[in-house]
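Chain residues, written in single-letter form:
There are 2 protein chains.
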Amino acid sequence: MLVRFPPSPGEWQEKHLKAGIEDWELAHGVVLQGERPGIAKALPVTMYPSPFSRSGLSLGLEIQTLYNALYHSVINDSNWVIEQLRGTAKYDQFTRNLIEIFEKSLPKRTQKLTGGIFRSDYLVHELSASKESRQIKQVEFNTVSVSFGGLSTKVTELHRFLCENGLNYVHGDVNVSPSLQEIASGLAAMHNAYLKTSNDSQPPLILFVVQPDETNVIDQKLIEYELLEKHEILGRRVTFEQISRQVVLDEHNRLVYLPRGQVVSVVYYRAGYSPADYPSEMEWETRLLLESSHAIQCPSVLTQLAGSKKIQELLTHPDIIRQFVDNEKAEQLEKTFVKMWPLDDSELGLEGQLLAISEPEGFVLKPQREGGGNNVYREKIVPFLKNMPKHEWSAYTLMELIQTPKVSNKIVRDGELISGNVVNELGVFGTVLWDLESGEELMNTQAGWLLRTKLQSSDEGGVAAGYGCIDAILLPENTHASHEPSRRTTSDSLANLEI
Amino acid sequence: MLVRFPPSPGEWQEKHLKAGIEDWELAHGVVLQGERPGIAKALPVTMYPSPFSRSGLSLGLEIQTLYNALYHSVINDSNWVIEQLRGTAKYDQFTRNLIEIFEKSLPKRTQKLTGGIFRSDYLVHELSASKESRQIKQVEFNTVSVSFGGLSTKVTELHRFLCENGLNYVHGDVNVSPSLQEIASGLAAMHNAYLKTSNDSQPPLILFVVQPDETNVIDQKLIEYELLEKHEILGRRVTFEQISRQVVLDEHNRLVYLPRGQVVSVVYYRAGYSPADYPSEMEWETRLLLESSHAIQCPSVLTQLAGSKKIQELLTHPDIIRQFVDNEKAEQLEKTFVKMWPLDDSELGLEGQLLAISEPEGFVLKPQREGGGNNVYREKIVPFLKNMPKHEWSAYTLMELIQTPKVSNKIVRDGELISGNVVNELGVFGTVLWDLESGEELMNTQAGWLLRTKLQSSDEGGVAAGYGCIDAILLPENTHASHEPSRRTTSDSLANLEI
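Chains as they are written, first to last, in numbering that gives the first Met the number 0: chain A, 0 to 498; chain B, 0 to 498.
No distinction is drawn between identical chains; accordingly, a pair holds when it is met within one copy or between any pair of copies.
As a list, the in silico EDC-like pairs of lysine to aspartate or glutamate whose alpha-carbon atoms are at most 20 Å apart: (1) 389 / 358; (2) 136 / 399; (3) 14 / 213; (4) 17 / 212; (5) 195 / 436; (6) 338 / 358; (7) 103 / 250; (8) 17 / 213; (9) 334 / 399; (10) 14 / 240; (11) 409 / 172.
Just so you know, these hints were derived from the structure itself, not from any lab.
Work out the full structure: start from the sequences and follow the hints.
Shown next as structure tokens:
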């Protein structure tokens, strides 16, 4: 049986469905912070869960623990990470500052455990019109401040509710992402590991480092509530500025949260990933204070640095990845790679330069720096490079374009309903904890998933900023999405929100 | 140990607490509908749960099933109810219209079961400065469209969270009201009883009759979600206008919801209690259609009529209440009564007129009609009556003033923090179902509670409209509230919201 996707149940039904979505969101905290305290607006979501290949999802979930282990292995070779980033640091102040924090904190550090909450992001790559040709290909690997783990659980629950309530007219299965529970469990495991390294008189708390103007507050609060409810662990959300006034090191190098006189077990960063998070020297000093303390860093500045595009690119080279994992694991991971090249003066860099100039239509040029809207696509690559002094080319990475299948959906956003062709981006969460001294792996878990869906802009290559939303995966029973292939891009994160 | 209430933890701590309250509310659907779809605002709540007497709460909870049974008994004597309201109907078009719906629907009715979700509202009455002298006294008994059962569960959970999270600095116990679950269970019991009276091919659904411009949407949606999740019963929220287009009677007098082709088991009214809900003849015709159908009415128009102040007043007279319940139960119920008089030409009416003129300082004058802001207090009663033709006096009921203890609290509302003296009003929910023919009681349950708290206006008698909020009960461990007695009023419901 062929069932059209998305459904077209009629105007009245869609109006009813839209209201049903908005009410459910407001009733379940699927919201962003509004203009003033006490005001919320419904999170932009798809009207229908998006069809997604079962094998693609399975591969993403299965391979997450290999990715976790790969980055654990890479990060444990701190000299290698820092060495590889020296080139980037030359022209990038932010990378330079992070390396400086790492180097300054190293001699002061007393905590041998280090944690991480990761997210590996994928697009679907379609080699031909056959659905069987679809594979997931990695867009990026995020090691700091990954977002939407809390709300992904809620949005998948929303789409499951709409199926059960008979409102959404789709056929298929919607599974609920356990990311909220898994991320909280990951933080609880770090907290409990910390307890074994300390003998504090009262229970410590987990510090959430957040941005002062955060709108994605509830995504973070959900994790805080889950920590208290399921694990009896207190969390406190604070900005760098608040930390600078309310957090100190005691004589045992423990981090103390003054308002409650409690020690901090884990510093969980939901800020600090962007230069904008460090407007003054105070924020850098605060980061150094945290990094130098006995609290477990989630992530450490070194782990944050390992998430840069340069490291991702290096790992796509067969000989490099095999320095960190065995051949069997490398082959598994390589299934999800597209090719990447530097544009520097190395041998690979020269190969990249040649490809960028001679066959630009198959590539995207990405700056090292995070942040959407700066990618350069296909035929725009050559004039872009020619307008730039050649020594600046090394600030960019060349990446094969991922060809995403053509799918349509509708987005409910700011009270409006928007229809169009969309691109689906899968994210798989992982939680890790290991011992930096012995290298022992204490936790390596796949921690649920996220589907973000973005409306294509009229420019085929780009994704309109601000039109991203959170989605759920509709696993096919008999659903059959239209699937004409079209060239899409490795896309940026949801505009104006965390990674 | 004496502990001051409310706590004064300092400005920084209260700012932190306020933000913690607002975030929790937005994350848990403790919200009112905002100005446009997809926007919510945090429900006004107290910053601290209010101290309340354990014996007062216990009495309210225990006596609820007696109240349910009393009203069941009263309503089963439909002739008596209608007869008593003839006087009110003379000058009140709304009462007249409701009686007409009752009389027109009577011969058409095929459903012998009738349901109700009630709420009995109380203030604390304090005879002396001793806490032992405190008693709860009934303000009114609501038989239609009682609200905040869903959100009361959430707000009590909020205050429990704040205690556990160490944010609110109070000492005592906060119990969670089970009203959300109990009201949904009550509706499910009605639904299941309906199933035994019908043989429909597919499962019926519950129709929620709502106002088109409702802001207290989530309070209703929470019950709808609970019905689906725990009882696998579908609910649909519709206005009278939508019903007029989308609901019909079939040849077996069953109510059919056309968009899904499903029969309606229960009509649950969250609208229809106010003349403003019937702007045209269409709404009255729609109410008649619903009332005449085989669907169980929750409540029937007769049950709605039995909730009027005239019936409440009559039941305060010892000989009248004993027509409906035995002496032992009457004595229990009378513990919660204050004295009430009509102002008509009956013997009691003449007694009431004399009291109103000679000792007005102990009384409040209430119009029969629902809706806040129309009560007349103490010394204002005499000039008010003298400015009115005497035959209109019978539109009013005279009620002894309830003397509430003086308590302070802070209210978080629209992003602001407001401090002051407050009045606490306890509501106790009840769910009922009985057989109109046999009189058999099929359900009689106490269904949780609600605490509403209102800031006193500068006018000692009134309660400023719009300053009500939802609260939780702090049961004393060692807490000790300041308790100078002061004269307060039987107060009105939360302004602009349902009963």
